[in-house]
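Undergrad: Here is what each chain is made of, one letter per residue.
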Amino acid sequence: MHVSMPTDVRNPQYYHKVVDCQWACPAHTNVPEYLRLIAQGRFTESYLLNRESNVFPGILGRTCDRPCEPACRRGRIDGKPVAICRLKRVAADLRDDITPYLPTAPTVRNGKRIALVGAGPSALTVANDLLPIGYGVVIHERISRAGGLMRFNIPAFRLPESVLDEETQCIIDMGAEVRYNTPVHSLKALLSEGYDAVFVGSGAPKGKELDIPGRWDDGARGSIHIGIEWLGSVHFGHIEKIGARVLIIGVGNTAMDCCRTSRRLGGIDTKVVARRSRPYFKASPWELDDAEEEGIDIVENHAPKRFVIENGTLVGMEFERLEWSESDGKQVSRVLDTVILPCDEVILAIGQDNAFPWIERDIGIAFDRWEMPVVDRITMQSSLPGVFFGGDAAWGPQNIIWAVEHGHQAAISIHQYCHGASVADRPPQGMHLASTKMGMHSWAYSNDFNPSPRSKMSHTELVERFSKISVEVELGFTPEQTATEVQRCLNCDIETHFTASLCIECDACVDVCPVSCLTIAPPADSEAELRTRLSAPAVNLEQALYLSPALPQTKRLMVKDEDLCLHCGLCAERCPTAAWDMAKFALVLPYAFGSSGINLPATV
Amino acid sequence: MTSIAKPPVRHPGLVRNELGLSVRDYEGSMSTLCAGCGHDSVTAALVQAAWELALPPHRAAKMSGIGCSSKTTAYFMRQSHGFNSVHGRMPSVTTGASAANRDLTYIGISGDGDSLSIGLGQLSHAIRRNVRMLYVIDNNGVYGLTKGQFSASADVGSTSKKGETNVQPPIDPVLLALTLGATFVARSFSGDKAQLVPILKAGLLHNGMALIDVISPCVTFNDHEGSTKSYKFTREHEVEISAADFVPLRREITAPAAEAGVTSVTMHDGSMVRFRQTHDGYDPTSRESAYAHVRACQLRHEVATGLLFIDERGSDMHAMANTVSTPLVDLPYEQLCPGNAALQKLMEKYR
Ligand SMILES: Cc1cc2nc3c(=O)[nH]c(=O)nc-3n(C[C@H](O)[C@H](O)[C@H](O)COP(=O)(O)OP(=O)(O)OC[C@H]3O[C@@H](n4cnc5c(N)ncnc54)[C@H](O)[C@@H]3O)c2cc1C
Ligand SMILES: Cc1ncc(C[n+]2csc(CCOP(=O)(O)OP(=O)(O)O)c2C)c(N)n1
Ligand code: SF4
Ligand code: SF4
Ligand code: SF4
Ligand SMILES: [Mg+2]
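Chains as they are written, first to last, in our numbering: chain C, 1 to 604; chain Y, 1 to 351.
Quick caveat, the hints were computed from the structure, so don't treat them as lab data.
There could be a bad hint or two in this list.
What the hints assert, rightly or not - Reference excerpt, derived from the structure (chain Y facing chain C, CB under 8 Å, subset only): (1) Asn17; (2) Gly20; (3) Gly36; (4) Ala44; (5) Gly191; (6) Ala194; (7) Ala296; (8) Cys297; (9) Pro327.
Here the structure is a predicted model, which means the values were calculated and not measured.
The C-beta atom is built at its ideal place from N, Cα and C for all residues, glycine as well.
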């Protein structure tokens, strides 16, 4: 790029990227806007705004992987991001009845029928997007309830059943036909039923095995469980207790749910055993904190060697103790010695595989060498036109919010496909931009910087927690915490919008900026060179530099480093000519049913 | 709700000077001047200069009179001493303060009205006494604070916002200072920090009065067509006739002293000002040459800028008056006030 080229802020991607959280969210939830609605006590509106993009605000407000939080700009300012996810839960907990605002299916259907395999979050999103525009949606679900892994793997102490019921049922109530207890055994057969399109949202249902000596010994087999299956059995009530000493192998998200569940079923001495050291754990830091708070031991650098069986019963597991070091940029391990950790039962939580025994390999769906279907990253379509994949079934285990986004994209594709349009032809994103200026020193948002630290979530007492598996651990934010935490948001969607022709180069904006974002500089040959001449060169190079057209008086450029901008509005406040304005940006996302905003009440 | 207070956020990449202070530690309270006022940029340049020099804020005194410009002492170095005097009396008050405590760094901020109208006499005598201070005139050609009347620096033919034409000849503080024997004379522009900051730094270390006339547009009353002190006019007519770099004492001087077109002047603390030749035959150490060049530019309607004249060998007020080298606060009481007997002895001399 030649850096004297002015930035095109009419491209929705430019300002979108400034809103770090929204950019990082797979479903591009409009975080700052929903936080402002919470700040105003408009929980229902906030919930509905969330629901439009992420479909399950109550579920996600408790369980989301939160890719938005590490991205949040506030984290670069004082080390701790806004507690975005917790605030989402506040909106979900405090909202009124939303049924009057939910979209409804038209009485006259469009005549198209779509089959969905599975009733997990990805398939439910497809239903959510297609039902309001008249599609007939038939969901085939292996088990007796909707929700997928959210139902039978995420434990109730993290996600209450009532929340899950409400958010899944409201989609089904739009008019989906659900066939519970109906596993699809043959895709070929399903295709022959004459559906206009098929969506596969069957997840990644197979837990990985650990094939080491002792695994298949008669005495041990019954005491060794596969994590996701075991969690399922606990959910369905087939398993109600566990031995006192339990080893969980693996340290991902599943391991975290397994160890905390084990603790509740009698595993008073539960250990999580990991091959690697803490910085390499797959579980999120907050999951580890929660587990340790419940008295779970986390053992690092132990590689499983064999199951120890004495007199026909499992008594322990032998591990190699490893020391890791770096060699040629790779982590290599060295065995120090071996140790035996005694145990009564073992739960394997070392990953999941996909399995599609029910998809025939001769019906035109290409599989790659890992036995995964070949799926287009943008359209979600397989090599067989009209068959789409999403969620964990597409590229292996991910998370709920990705499953939702896949669902949105697949719904767009299905809609295009059913109407003879090319699925590759994606409807464009758009944007709204409107000044927030209300008058002298007055903006339509709170531009005050609140220096408060991040609020901490309070938890149910340990004794009460362990009394019943369904006791929810996180209590949610108090009204006081909510009021403070929403103010920590920097309103990154209120953009500094520049009109070069108005600038008289007085430097007022440059001088006032509390984080030295602004520089008036001559054009440069490269961005790298320009970055060396900024008032305060950024450490994080992910955020863009805004370059204005040539300024009227000296032909220099206004350069803004977006990285640390607080959106405090002082530049606009001190600009004598209103060359800087604080303008609210709203991304317009395409959905199968239209675009963002159309299903929201007018007050949002 | 809305706020215009500068948030107490610190840039994670903020650099600290030798005193461990960041540039934000040299700021003051939020400016109440009109948005876009040149004076705010001068303030920002001062903050930068003081931070770069690692000036201990508690060893500086900010002195001013009355005017928008004079208000700006509140907007930088919140930890420094300050004296906001009567209109036009800043030079005299600073003279007295310096007489009493010669060890503080005096930063005088004035306006063209404050210094060239009501305070002209005070300014002239402070120049003659060579009071050791930085003397900044935020020059906007008008009395900003009283809503834009022509000041004594307004050029003949320039018009007011309402359209009247000024007919009285201007006082040019640079020419005035050169005639009165000033030992450090500069002109700069609020919109050119690259030039202004090194000049302020050199001025802060000068052994005597460093007078800096800063063209600082009044965005509200004097930034129109027809003004000769607007951003646009200054940019179009500014001619840098003497480009100065300031080399602090602590930085190693790498450029050869005899580099072609470079003249160096050593400041009394050993730091150095280097001049790059920009104008044929310009000699910043010659008062006559400086006067002639500035006057010639004036006749061509050019605004001559740069560090125009410097003489580090001049004596300051204390040297001329042969005063005690210790600030009066640090003198033992018996020495400061030797008693009635000593007074009678002195009086005896005049009988
Ligand atoms: C223990 C555990 C904890 C997790 N915790 C979190 C968390 O806290 N946050 C988060 O974001 N993600 C979490 N995840 C991941 C998340 O649950 C999944 O990524 C997400 O549910 C995937 O959604 P999906 O729509 O692809 O399918 P799934 O949720 O896997 O649902 C698939 C559905 O398809 C049905 N099905 C499968 N095969 C057939 C068939 N042949 N015919 C009919 N029906 C079929 C299944 O019964 C199931 O209901 C967790 C996963 C696990 C295992
Ligand atoms: C003794 C006295 N006379 C007159 C005034 C009114 N007065 C206030 S500020 C000012 C002129 C200020 O002009 P200048 O120094 O150029 O400052 P600016 O506001 O332009 O920066 C005058 C005449 C006063 N305050 N005191
Ligand atoms: S400060 Fe607010 S808008 Fe900015 S990234 Fe964080 S949550 Fe999003
Ligand atoms: S809004 Fe303006 S003044 Fe505030 S941080 Fe951003 S660029 Fe700087
Ligand atoms: S404050 Fe306004 S007019 Fe002045 S430099 Fe900034 S954008 Fe330009
Ligand atoms: Mg003035």
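Undergrad: State for each hint whether it applies.
TA: Hint-by-hint comparison with the structure:
At a threshold of 8 Å, the smallest CB-CB gap from Asn17/Y to chain C is about 15 Å, leaving the interface hint violated. Hint on Gly20/Y is violated. Least Cβ distance to chain C is approximately 18 Å, over the 8 Å limit. Annotation: interface hint on Gly36/Y holds; nearest CB of chain C at approximately 3 Å, less than 8 Å. Because the beta carbon of Ala44/Y sits about 4 Å from the nearest beta carbon in chain C, less than 8 Å, this interface hint is met.
With a least beta-carbon distance of about 6 Å to chain C, the hint placing Gly191/Y at the interface is held under the 8 Å criterion. Given hint, Ala194/Y at the interface with chain C, is violated; its Cβ is 11 Å from that chain's nearest Cβ, farther than 8 Å. The criterion of a C-beta within 8 Å of any C-beta in chain C is not met by Ala296/Y, whose closest approach is roughly 25 Å, and the hint is violated. The closest approach between the C-beta of Cys297/Y and any C-beta of chain C is roughly 20 Å, which is over the 8 Å cut-off, so the hint fails.
Among the interface hints, the one on Pro327/Y is violated; its C-beta lies about 34 Å from the nearest C-beta in chain C, farther than the 8 Å criterion.
The earlier numbered hints that this structure contradicts are 1, 2, 6, 7, 8 and 9.
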